[in-house]
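I would like the entire structure built from these sequences, with the hints used as guidance.
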Amino acid sequence: MPRQVDSDSKLISRARSLAPVVGERARECEALRRVPDQTIEDFHQAGLFRAIQPKRIGGGQVPFPVYFKMCAEIARGCASSAWVLTNLASHHWMLTYWPVEAQDEVWGGSPDVLIASGLAFPCGKANKVAGGYKLTGEWPFSSGVDASTWNMLGGIVATDEGEKPDQRLFLVPSDNYNIIDDWDASGLKGSGSKSVACEDVFVPVHRTVALKDIVAGEAPGLVANPGSLFRLPFFAMFPYVVGMVALGAAKGALETYTNWNKHRVSRYTGAKISELAPIQMRLAEASGSAEAAERMFLHRCYEVTAMVEAGKQLGLEKRAEYRRDGAFATKLCVRSVDILFEGSGGNALYSENAMQRHFRDVHAAAGHFALAWDVSATIYGQIHLGLPFKGNL
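Its first residue numbered 2, the sequence shown is counted upward by one per residue in this note's numbering.
Think of the hints as simulated: they come from the structure by calculation, not from any bench.
Given the structure is predicted, the values throughout are model-derived calculations rather than measurements.
Each hint should be verified, as a subset may be incorrect.
[To be verified] Here are the simulated lysine-lysine pairs, DSS-like style, with alpha carbons at most 30 Å apart:
id: 1; residue 1: Lys165; residue 2: Lys56
id: 2; residue 1: Lys11; residue 2: Lys56
id: 3; residue 1: Lys126; residue 2: Lys391
id: 4; residue 1: Lys313; residue 2: Lys56
id: 5; residue 1: Lys165; residue 2: Lys391
Quick look at the structure:
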């Protein structure tokens, strides 16, 4: 029976309660290299996966800031689990772009369905055929794919010479692609971000959507989903979809550092570590960095929600600001964890110490293309200096 999602505050409270639970499973999660089945079920039961699914399907359709806070809470306990949660939850949001026929096909089977993705468009090649497309490719980083029964795969459709490339997203069921067990990473180790591959798979036209239509806010499925949540600019907001994991990891590191140092005694001098000024200073600087990041993230989440609800459009310069701030806030999260890790000594290297996991995970999250500072800063600089910009934003 479909699970009905409750009110906004309850979702955040449930996530906060689940954070220590998934934290206890973090080492198991890393050993499995995917999120444990029980954690997936816990997220289902709490309604977290369906937080930003349309209400007409029985989803929460909560404001974006609520979704952000919800996933950041989970990341305090286990960033890998939060990474899968935020990605799979966001795909209910993305599915609203597809034609209604595709939405009905996917959600009609079960509104609790989970959908993975492979968004590297150059990795997929497609050719037009009668009634749809034939898709071939291999896509890395399909987070949470083991728990999913559908996948959103990016590809470029072959066009005549001189025509603009047709970048499209293709919705493919799990029995039409293979999962490649190649996820053996140092950070976000439990996210199960494996590669997927398919060859010459037929995708009917109703299960595709053009990237240009998503960017322009003209995706065909939006006629059935009029809420302001589904009018948020996708590429400008994507850094916030994954950036919330970096914030949660930073908060988790702060909790680990604080709780550990309250009772820690030096093995060499017998001094109480909490009484050492450098320990206190590191806590102050790291917490300040994390709080600044959180305020920057949430300011943009609230601002864009208000703008879209008021019917305002985000111009290219404004979208570049959102991309910049998402990446910069992530830099602050990384800095926060680095400060704490550097002051934690050799004990932080032990696998049983959560600090080393927070360190690995926040750096892994920051490596995502949407959070890469060099890329985001360059986009901002080009646009605000009046240089031509040909990407998607």
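Margin query: Between the alpha carbons of Lys313 and Lys56, is the straight-line distance 30 Å or under?
Written below: 23 Å, holds
Item checked: Restraint check for Lys165 with Lys56, where alpha carbons must lie at most 30 Å apart -> Given pair Lys165, Lys56 is violated - Cα atoms ~37 Å apart, limit 30 Å.
Check: Given the hinted pair Lys11 and Lys56, is their alpha-carbon gap at most 30 Å?
Finding: 16 Å, holds
Item checked: Pairwise hint evaluation, Lys391 against Lys165, where the allowed Cα distance is 30 Å at most -> Status holds; Cα separation ~12 Å.
Next item on the list: Decide if the proposed pair is consistent with the structure: Lys126 and Lys391, CA atoms, cutoff 30 Å inclusive.
Entry: 21 Å, holds
The structure does not agree with numbered hint 1 stated previously, though it agrees with all others.
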